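As a plain string of letters, each chain reads:
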Amino acid sequence: QSALTQPPSASGSPGQSVTISCTGTSSDVGGYYYVSWYQQHPGKAPKLMIYEVSKRPSGVPDRFSGSKSGNTASLTVSGLQAEDEADYYCSSYAGNNHFVVFGGGTKLTVL
Amino acid sequence: QVQLQESGPGLVKPSETLSLTCSVSGGSISSYYWSWIRQPPGRGLEWIGYIYHSGTTNYNPSLRSRVSISVDTSKNQFSLRLSSVTAADTAVYYCARHKGPPPFDYWGQGALVTVSS
Chain W
101 QSALTQPPSA SGSPGQSVTI SCTGTSSDVG GYYYVSWYQQ HPGKAPKLMI
151 YEVSKRPSGV PDRFSGSKSG NTASLTVSGL QAEDEADYYC SSYAGNNHFV
201 VFGGGTKLTV L
Chain S
114 QVQLQESGPG LVKPSETLSL TCSVSGGSIS SYYWSWIRQP PGRGLEWIGY
164 IYHSGTTNYN PSLRSRVSIS VDTSKNQFSL RLSSVTAADT AVYYCARHKG
214 PPPFDYWGQG ALVTVSS
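Protein sequences appear in the order of chains W and S. For the first sequence, our numbering begins at 101 and goes up steadily by one. For the second sequence, our numbering begins at 114 and goes up steadily by one.
Incorrect hints may appear among the rest.
Capping the alpha-carbon separation at 25 Å, the derived lysine-lysine pairs in BS3-like fashion look like this [to be verified]:
hint, chain 1, residue 1, chain 2, residue 2
1, W, 168, W, 207
2, W, 147, W, 168
3, W, 207, W, 147
4, W, 155, S, 212
5, W, 155, W, 168
6, S, 188, S, 212
7, S, 212, W, 144
8, W, 144, W, 155
9, W, 144, W, 207
10, W, 147, S, 212
11, W, 155, W, 207
12, S, 188, W, 168
A short, non-exhaustive set of chain S residues, derived as facing chain W with CB atoms under 7 Å [what the hints assert, rightly or not]:
hint, residue
13, 121
14, 130
15, 157
16, 158
17, 160
18, 165
19, 168
20, 171
21, 207
22, 215
23, 218
24, 223
Honestly, the hints are just simulated from the structure, not real lab data. Note that the structure is a prediction, hence the values are computed from the model and not measured. A virtual CB, placed ideally from N, CA and C, is assigned to each residue, including glycine.
Isolated chain S (complex conformation) (with noise of 0.2 Å):
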């Protein structure tokens, strides 16, 4: 059974950057694609960016600027920073696995991230 678990820092200053690993166990991350996505506390789904397992990114235009991911295949992981956050990049981040264009099959259980002096 394919288990996503996201890690990081659970409260970043303005003007920062937001950074947080999805280690994938259960399964290699080859052969799939991998995207973060956001939720705002009562709020929503945003999709962030994906990644595929050779490195290929895409990402949300409204996003573009400030994220970047990448993909540590030795260690079955990927990573996401978003900078120059501000108050409304406050969410839970999940990561997800997809083959493609969506469903997301399997995602992680979610990290609380505040924005906060």
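So that you can see chain W by itself, here it is in the shape it has in the complex (with noise of 0.2 Å):
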């Protein structure tokens, strides 16, 4: 069992939005603003797409879009592209004995 809990799959269909919800605790999501989110295509490695809840690294579409509100972060797509298709993973730093924490993972299908 994960510590962050995700929605095993979402949908959309292109050009179309779609959010991916992502929930903690305290001790982690709401304790932090140290929120990330990763894009995983099969047999490939994450790449980060989120980071510090809301921020986007050089060369990610601002397109992707993150945002929290207490234990709670999200990840919305907007303007769905066929290359979205993939795993969608959060973390969250939970402090120096833990360090960080996954989430299970959000299979996002474009319809």
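Using the hints, build the complex out of the two chains.
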């Protein structure tokens, strides 16, 4: 069982928007602004898409956005494109002992 | 462009020690933290531990008794040792870079390690 809870699947048609949630506790998501989101295509390494809740690394399209409210973080993908189909993992800093926890992943399907 | 590359045996026998090395190119290993993260087949990600270039380490409490991470700054490499492995340790093992608290901004391509006799 993963420390952070994500829905196992999400889907949307091209051009639509989809939001993926990530629920933790006050010891991780709710306690820090170090929430990150990673995209993983089959057989590939995870790729950083969002960090510190809502910041995008250079090169990541602005169709990807992040937010947080209380113990739940969210990733929104707007204007869905076929190449967005992938697994998405959230993670949160959890203090020096546990350091980082991950969600179980959400498989995003572009219909 | 920073690149990370994992290397090591792809097959380890139960009860033996898994050993992997991550080679860093395109940048210095200094001034950064370096983590090992694993992903069992078809499952999610699990952080194993990190090392700072100075040698300071931090391990996942669930693996702490079996894990050791070391760094060789002269070779721009860091290594993972996981002892007393079982089938549950079968996974793709990734090395990754971070500046302190996550995010992990650079990842290796991953190395599949299978634990089997």
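Okay, the hints, checked on the actual structure:
Only pairs whose Cα atoms come within 25 Å are accepted, and residue 168 of chain W paired with residue 207 of chain W is accepted, the gap being roughly 20 Å. With a CA separation close to 20 Å, the supplied pair residue 147 of chain W and residue 168 of chain W stays within the 25 Å bound. Among the hinted pairs, residue 207 of chain W with residue 147 of chain W is consistent with the structure: their alpha-carbon atoms are about 15 Å apart, no more than 25 Å. Proposed proximity of residue 155 of chain W and residue 212 of chain S is supported: the alpha carbons are some 15 Å apart, at most 25 Å.
Between the alpha carbons of residue 155 of chain W and residue 168 of chain W the distance comes to roughly 12 Å, so the proposed pair stays at or under 25 Å and holds. For the given pair, residue 188 of chain S sits about 20 Å from residue 212 of chain S by alpha-carbon distance, which is consistent with the 25 Å threshold. Under the criterion of a C-alpha separation no larger than 25 Å, the hint pairing residue 212 of chain S with residue 144 of chain W is consistent with the structure, at around 23 Å. This hinted pair checks out: residue 144 of chain W and residue 155 of chain W have alpha carbons roughly 23 Å apart, not beyond 25 Å.
Restraint check for residue 144 of chain W and residue 207 of chain W: the C-alpha separation of about 14 Å stays at or below 25 Å, so the hint holds. Restraint check for residue 147 of chain W and residue 212 of chain S: satisfied, since their Cα atoms lie roughly 16 Å apart, inside the 25 Å limit. Distance restraint check for residue 155 of chain W and residue 207 of chain W: the Cα-Cα separation of roughly 22 Å lies within the 25 Å cut-off, and the hinted pair is therefore satisfied. The hinted pair formed by residue 188 of chain S and residue 168 of chain W fails the criterion: a straight-line CA distance of about 41 Å is larger than 25 Å.
The beta carbon of residue 121 of chain S is not positioned within 7 Å of any beta carbon in chain W (closest approach about 16 Å), and the interface hint is therefore violated. Because the beta carbon of residue 130 of chain S sits about 23 Å from the nearest beta carbon in chain W, more than 7 Å, this interface hint is broken. Look at residue 157 of chain S: its Cβ gets to within about 5 Å of chain W, closer than 7 Å, so that hint holds up. Given the 7 Å rule on beta carbons, the hint for residue 158 of chain S holds: about 4 Å separates it from the nearest Cβ of chain W.
Of the supplied interface hints, the one on residue 160 of chain S holds, with its beta-carbon coming within about 5 Å of a beta-carbon of chain W, less than 7 Å. For residue 165 of chain S, the interface hint is violated, since its Cβ never comes within 7 Å of a Cβ in chain W; the closest pair sits about 12 Å apart. For residue 168 of chain S, the suggested interface contact is broken, since its CB lies about 17 Å from the closest CB of chain W, more than 7 Å. At a threshold of 7 Å, the smallest CB-CB gap from residue 171 of chain S to chain W is about 6 Å, leaving the interface hint in force.
Annotation: interface hint on residue 207 of chain S holds; nearest CB of chain W at approximately 6 Å, less than 7 Å. Interface restraint check for residue 215 of chain S: the shortest CB-CB distance to chain W comes to about 5 Å, inside 7 Å, so the restraint holds. A least Cβ separation of about 6 Å between residue 218 of chain S and chain W falls short of the 7 Å threshold, and the interface hint therefore holds. Of the supplied interface hints, the one on residue 223 of chain S holds, with its beta-carbon coming within about 5 Å of a beta-carbon of chain W, less than 7 Å.
This entry does not satisfy hints 12, 13, 14, 18 and 19, going by the numbered hints stated previously.
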